[in-house]
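Colleague: Single-letter residue listing:
There are 2 protein chains.
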Amino acid sequence: MAHSDIDHLIQLLAKLPGLGPRSARRATLYLISRRESLLAPLSAAMAEAALNVKICGRCGNLDTVDPCSICQDITRDPSILCVVEDVSDLWALERSEAFKGQYHVLGGTLSALDGVGPDELNIEPPIGRVLGGGIDEVILALNATVDGQTTSHYLSERLSEGGVNITRLAHGVPVGGELDYLDDGTLSAALKSRRSLG
Amino acid sequence: MAHSDIDHLIQLLAKLPGLGPRSARRATLYLISRRESLLAPLSAAMAEAALNVKICGRCGNLDTVDPCSICQDITRDPSILCVVEDVSDLWALERSEAFKGQYHVLGGTLSALDGVGPDELNIEPPIGRVLGGGIDEVILALNATVDGQTTSHYLSERLSEGGVNITRLAHGVPVGGELDYLDDGTLSAALKSRRSLG
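As given, the protein sequences belong to chains A and B, one line each in that order.
If you're matching positions, the first sequence starts at 133 in our numbering and goes up one per residue.
If you're matching positions, the second sequence starts at 133 in our numbering and goes up one per residue.
Fair warning: there could be bad hints in the mix.
The list makes no distinction among identical chains, and a pair is therefore deemed to hold if it is satisfied within one copy or across any two copies.
Unchecked claim - Calculated lysine to aspartate or glutamate pairs in the EDC-like style (CA-CA distance at most 20 Å, straight line):
1) LYS147 x GLU229
2) LYS324 x GLU310
3) LYS232 x ASP137
4) LYS232 x ASP312
5) LYS186 x GLU229
6) LYS186 x ASP221
7) LYS147 x ASP209
8) LYS186 x ASP137
9) LYS186 x ASP139
10) LYS147 x GLU289
11) LYS324 x GLU217
Derived by calculation from the structure, the hints in this document are not laboratory data.
Source: prediction; values computed, not measured.
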């Protein structure tokens, strides 16, 4: 049996999403054999993150400063607000470098099945932010799932009195995607929203 | 873009076997959202392991003491030596609780293709240990791969002068395995080594 220090590390690593007991053992051996180059730096990086990372009180993003660096960035357009489910969605949009407005992170979606109502989400602050004025467009960039669409619908109802332009992301063929592999829903959405080449 | 502290953690996690950039991002968000219950303990467990885990100078096992707790265990039979490729193999055998002798970890296998010769492995110490006397049986518990078998062959040649009993693990049908899913090599080995039920 491995010694308790090693066992303890394996047990904790096995709690990470995507790692089971076997891959946690493999990762532990890999870490121990790279003590200076990986194990010590990773431990330090985790301690740093545990100490420094905060949730932005304005938009819900994660950063080492509050308000986060996106909320503080005066070069970004404050008149467009993009509402996302999770921080990972915000990161994905930032990687695309296609959006230069502000964000709001809901922290999940409404879900009748899982008993998630508006009170469980960070959903009143963005509504207040939009109805408070100064925002021209709200992009509801929620996932194209049932719960994501329910949440979009709820938000667009609540925001309808604000007189702002409410949009959602386009559905269609992914860039580089092959028609043969697409589901019917995506194909019919892409067909309905076809664009003139002229 | 995520802040550099978070990016740094993602980059280090992505180096673990079994995690890519996407799952490292997911693991990072998971860790940050479980700061007290997982992120801080994991960081501490890694720091502990980096500080305390040693390679046993006698057998090559990993432990917080040197010689390791297996080498120090006087209830284990010192006359049987089990030779394995890696610490993960030693752990697997210990989980089976079927072996109560001593181990030696080679740290790999001979490999003509990868240019690994006897000098690159921890292979002279076990030979000296066996030829030094006091050992009755050497179990070559190497993987059933070409390189594992080459290494087994090399070791059995070198140990032949010592007058010890040299054995290898049995090949056969895995317990719970279905014949239909087994490769031909395993099936023919299982057939060749069939045992009388009498």
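Colleague: Look at each hint and say if it fits the structure.
Modeller: Hints, one by one, checked against the model:
For a Cα distance limit of 20 Å, the shortest separation of LYS147 from GLU229 qualifies neither inside one copy, at 32 Å, nor across copies, at 25 Å. In this homomeric assembly, LYS324 and GLU310 come within 20 Å of each other (Cα to Cα) only inside a single copy, at 18 Å, whereas the closest approach across copies is 51 Å. Within a single copy, LYS232 and ASP137 get their C-alpha atoms no closer than 47 Å, and across copies no closer than 22 Å, so neither meets the 20 Å cut-off. For the homomeric pair LYS232 and ASP312, neither the shortest alpha-carbon distance inside one copy (34 Å) nor that between copies (58 Å) is at most 20 Å.
Taking the shortest alpha-carbon separations for LYS186 and GLU229, neither the intra-copy value of 23 Å nor the inter-copy value of 46 Å comes in at or below 20 Å. Taking CA atoms no more than 20 Å apart as the test, LYS186 paired with ASP221 passes inside one copy only; the shortest distance there is 17 Å, against 42 Å between copies. Within a single copy, LYS147 and ASP209 get their C-alpha atoms no closer than 39 Å, and across copies no closer than 36 Å, so neither meets the 20 Å cut-off. With identical chains, the CA atoms of LYS186 and ASP137 are at most 20 Å apart between copies only, with a shortest distance of 11 Å across copies and 30 Å within one.
For a Cα distance limit of 20 Å, the shortest separation of LYS186 from ASP139 across copies, 14 Å, qualifies, whereas the shortest one inside one copy, 30 Å, does not. In this homomeric assembly, LYS147 and GLU289 never come within 20 Å of each other (Cα to Cα): the closest approach is 39 Å inside a single copy and 45 Å across copies. For the identical chains of this complex, LYS324 and GLU217 are neighbours neither inside a copy (26 Å) nor across copies (60 Å), given an alpha-carbon limit of 20 Å.
Of the numbered hints listed earlier, those contradicted by the structure are 1, 3, 4, 5, 7, 10, 11.
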